[in-house]
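Participant: Here is what each chain is made of, one letter per residue.
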Amino acid sequence: MNPKTSEAIATDPETPETASQLPPELDVVNVTKCFGHFIAVENISLTLKPGTFHALLGENGAGKSTLVKCIMGFHAATHGQILIDKQAQEINSPRDACKYGIGMVYQHFTVVPAMTVAENLLLVRPDTPNLINWKEEYKKLQQFMDASPFKIDIDMPVSQLAAGQKQKLEILKQLYLKSRILILDEPTSVLTPQEADEVLGLLRQEVDAGRLSILMISHKFREIMAFTDEVTVLRKGKFAGHGLVKELTVADMAAMMLGEEREAKEVSKTQVDSSELILEVQNLHADKDNGFEAISNMNLTIKSGEIVGIAGVSGNGQRELVEVLAGQRARTGGEIKVNGEHYTATRKEMARHHVFSLPEEPLKNACVPNMSVAENLALRTFDRPPQAMGILLIFKAMREIATNLIQVFSIKTPSPEALIGTLSGGNVQRAVLARELSADKIRLLIVANPVFGLDFAAVEYIHNQLVVARNRGVAVLLVSEDLDEILKLSDRILVISDGKFVYEGTREEADIVTIGQRMAGH
Amino acid sequence: MNVLSSWRSLSEKIIIPIAALILSLVVFGIFCALNGTNPFAVYSVIYQSAFGSAFSWQGTLVRAAPLMLTALCTALPARLGLVVIGNEGALVMGGIGAIAAGLAFSSLPPLVVQIAMAIAAIILGGIWIMGVGALKYYRGVNETISSLLMNYIAIAILNTLVEGPMRDPSSLNKPSTYPLLEVNWLQSIPGSRVHFGLIYGLIACVIAYFLIQRTTFGFGVRTAGGNIRAAKIAGLPVGKLTLAVCFLAGSCAGLAGMVEVAAIHHRANASLNTGYGYSGILVAFVARNNPLASVLVAILLGGLLASGSGLQRSLGLNDASVLVFQGIVFLVILFSESMYGKLDFFKDRQVPPKITPSTQPIA
Amino acid sequence: MAAETADWLGVPLAIIGGTLRGSAPFLFVSLGECLTEKSGKINLGLEGTLLTGAMSAYAVSYLTGSPWLGVLAAGVAGLCLGAIHAWLSQRSGVSDVAVGIAMIVFGSGIAFFFGKAFIQPQAPQLPIFEFGAWSNYPPLQSALQVSPLLLIGIAIAPIMQWFFKSTRWGLYVRAVGDSPSAARAMGISVFWVRFLAITIGSFLSAIGGACLSLYYPGIWSENISSGQGLMAVALVIFARWQPMQCLWAALLFGGAQAIGPALQSVGVTSFRYLFNASPYIFTLIIMIITCSPKRTLAGSPGALGTNE
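Protein chains in written order, with our numbering: chain Y, 1 to 522; chain S, 523 to 885; chain F, 886 to 1193.
The following block holds chain Y by itself, in its conformation from the complex (with noise of 0.2 Å):
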């Protein structure tokens, strides 16, 4: 235990006994919210017993972050209420949170990037004064930081920092307003497996020492046997189980998330005959949006009927590559050939190779919202026969081949001429993997985080296209920051940091620690 830490987290004066000290207690008594129509969260309890780590399990649409935004007054419940220390409390905004010590770290940072690691934490006192006196403030930040469990350059430009730091900051953030009660909303999904055991580990530290009481979502369950006590769960907006960590199993939890016991029905990898070279990328180099270099000198070959699983921390050059191959970024210097040919990205190569991708964020990036269902669906084949007579479009043509795949591919849209945009993110997901799968001759397919975002039905369907695409002969570009997804997945597994490929494996030879630390570029 480091006596200089308890000093920084009771810096305020007043309250000099905090430190010795435990968080109050946190009650969640019977909340139920109601969006609409729609129940998101059903008469949850629980309790966040003073100085213990609290898992929230569930899957994606559970009710989880619904849960909290109720516990932080980013939401007002429909039903139920709030205990802090067993006083029912009105909380109506993140403010009226923070006075009773409890603050959040989100999911997506809340750091602004074009300010240094001080303006930042100034910004969020809710006390910042009207001037600030920067050598005194930094002095008293310097003292924070020291004291605190993680390090930060506080002259750092955040834009500048890695994932993981941001996400350090995040929690200090926390720690300088003093918040006593920490929820976490899935703090590790940007983090490499060490960074996250870092993080993890130091919290739970804090949490020993009775300085902090945690709460934090997650669906990873390597880290809730880990890092927590308690463990509370939620499916489709109902409680669904608690219980002790130490008494429970993996499989129990997993059942409690799922609710029945689903079988993961996967469909197995045949034997392809993979000697046909499909995607070969000789020293390529492409930019970021700063104009910084994100891919130095880049090779990358894909035969056909192979997975290729690229792993790495977000913001490694991933981005930028699948870019670069999927058209949208212009390549700065190298060269990349598709069946041998020299290959731009234009239209017409895109046809003439049968070169598709399912690039992460579909609306954003596949999609135009402001389009038909049916007019997203013919993007890669509206200029041609039978959607296009020469010039002029076929509309008939254009609603046939839409209805089919509304079908087949079961998107739950009310008309083909509906607006995409106004479908809910799996269906739109659904659309985009119509278009870019039931083509009848697939060469290339690259992939981009394919299943963010979504449930376990619709992650076991994706999975499964990828599958039964790679043994038709598909030659498949796999990006993901799911190191999971990545070993299910790929035949073979290369890892990015720094936009340069640091490991190549097959998944055979695949080993999780290795893969890990080449991620957090050692």
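FYI, nobody ran anything at the bench for these hints, they're computed from the structure. The model shown is predicted, which means the values in this text are computed figures rather than measured ones. Even glycine gets a Cβ: it sits at the ideal position worked out from N, Cα and C. Fair warning: there could be bad hints in the mix.
Here are a few chain S residues that sit away from chain Y, every Cβ distance over 10 Å (derived from the structure) [to be verified]: (1) Leu545; (2) Pro561; (3) Phe577; (4) Leu625; (5) Pro697; (6) Tyr700; (7) Leu758; (8) His788.
Which residues of chain Y face chain F? A few of them, derived with a C-beta cut under 8 Å, are [claimed, not checked]: (9) Glu119; (10) Ile132; (11) Ala209; (12) Asp289.
Which stretches of chain F does chain S cover? Using the computed rule of at least three CB atoms under 8 Å from a CB of chain S, they are [to be verified]: (13) 975 to 981; (14) 986 to 992; (15) 1169 to 1178.
Guided by the hints, dock chains S and F onto chain Y, whose structure is given.
Facilitator: Relative to chain Y, chains S and F alone:
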């Protein structure tokens, strides 16, 4: 239910702009009342001098013709997601091209001269706005700012030419070029004093609508305008589309310049730059960049422009009141943009009580 | 002989004098736009604000006899126009660029409508500091006539720089402009921060208008601004959203504008319209050089142009 919901969305698209125009009239009326003018007298004068008689209808249509053309200069690039407001500059460049061709080929048959004038105006205006598109695509220069700067540059070029190389020495107080021969003027539609420019405007709007809505080219434009990242993933040549659309946009405004030169002024001088370009932006905004709707809006706004002198004559409102009114219409129309999808009246009332995933917050 | 050298000295002196006179409006508008854009919204309507500011300053100065009241009136007019822009451009589904265009039309409409009566009369002008009084060389004397408004503008630039760095509200503006979602998570009201930044920015630009009508050229006419409000928007991009660099850029633009009149003053009148258009051409060239399609500009507020 589908029929009903599409009917509702169509009625929303029609009723909101009309309501916005009525609200602008009310606001302008209040503005006039505050300045001591009876708003109802104002409305009546506007109506009389815009649509009150066959004579005033003709004056309105004469003004609507260039507006239809300049509106396309904003409406077409808008479908690509570009806010181009270089209408005035392209119009001026078109006027310069037209007068140069009209004077150079004056001895040829009138039809040939007019075709040459139109082609010169189309090319000059087109290249002018294509420059804006090229700067946007190849250099990332904000198209709104560059096109507006190019308006000033075009006017400076016009002034330089009419005071220097192209000046007619007999034009004393208002430097102008030599006039067109009378046989080369753009004629009026028989039986009216409305010139053929109106037909040009109508045809251009119909072609533009067809091109955007019914062709593969238009599909590409709408895709790139709706989401450039999706367009790139589909391999669409965004650069070429940008240049082509900007050329078409500029050529329409250039043609408006030719119409003004050949039918109204018969020479080029500073009167070319009288605000048809800026009013064209307003037409495109009110019509929500729909070329067919632009025709209607251009006629309405043409009527308003025609009423300017009437307001001055009979009510003593100065001619800037028309500009104030345009500003008010602009602001109210933008306000109405935020009302789409918000009024319960236009929503489907048979909202299924069952939970649709789209209403679910992102968990 | 002496007269000849004086003439040759006349051109650079006229340019210096023109720079000092002509940069004041650029400075105010660019500082106003800088504040606005730092909050993540763009205001193209400052052209209209400039005109309304020039008109109201001139009119009030004429009616009351006090040019300083005129400056105040310009500021108030700027606040009103800024409030319209700030409110309208933050409604959902409304683009700030479009509102800016509308505000150009509306602002110039208001300015021309109410300004008609003031085109003829001569309004009292702001006092000027004669920094060249020690010299008996008239071109130098006229070159060094400096308006107190210019000095105020020069003082505002470092103050704004300090404001962004060392005040709570400065940090708020930057946070809102760079990452509205982060600002919202911290409980900052994005709407009000932007509202204030836009209205105060508009206030400053309208003061720039007062520089035009009460200092240089010191008249009210309908083409008095001719795009300066717009050039200031380009200038802010060139200055990379740094108030101090806005100051240098404003001087540069003022200088570019002074070239045409300076040449005319010594009798070079051919292509005078093209020379007068040089600021526009210059602005365009600067934008072509500064911008790049491949990367976002360093210093650009993250939310600019995203309608977020």
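Participant: When the hints from earlier in the document are held up against this structure, which numbers fail?
Facilitator: 7 and 11
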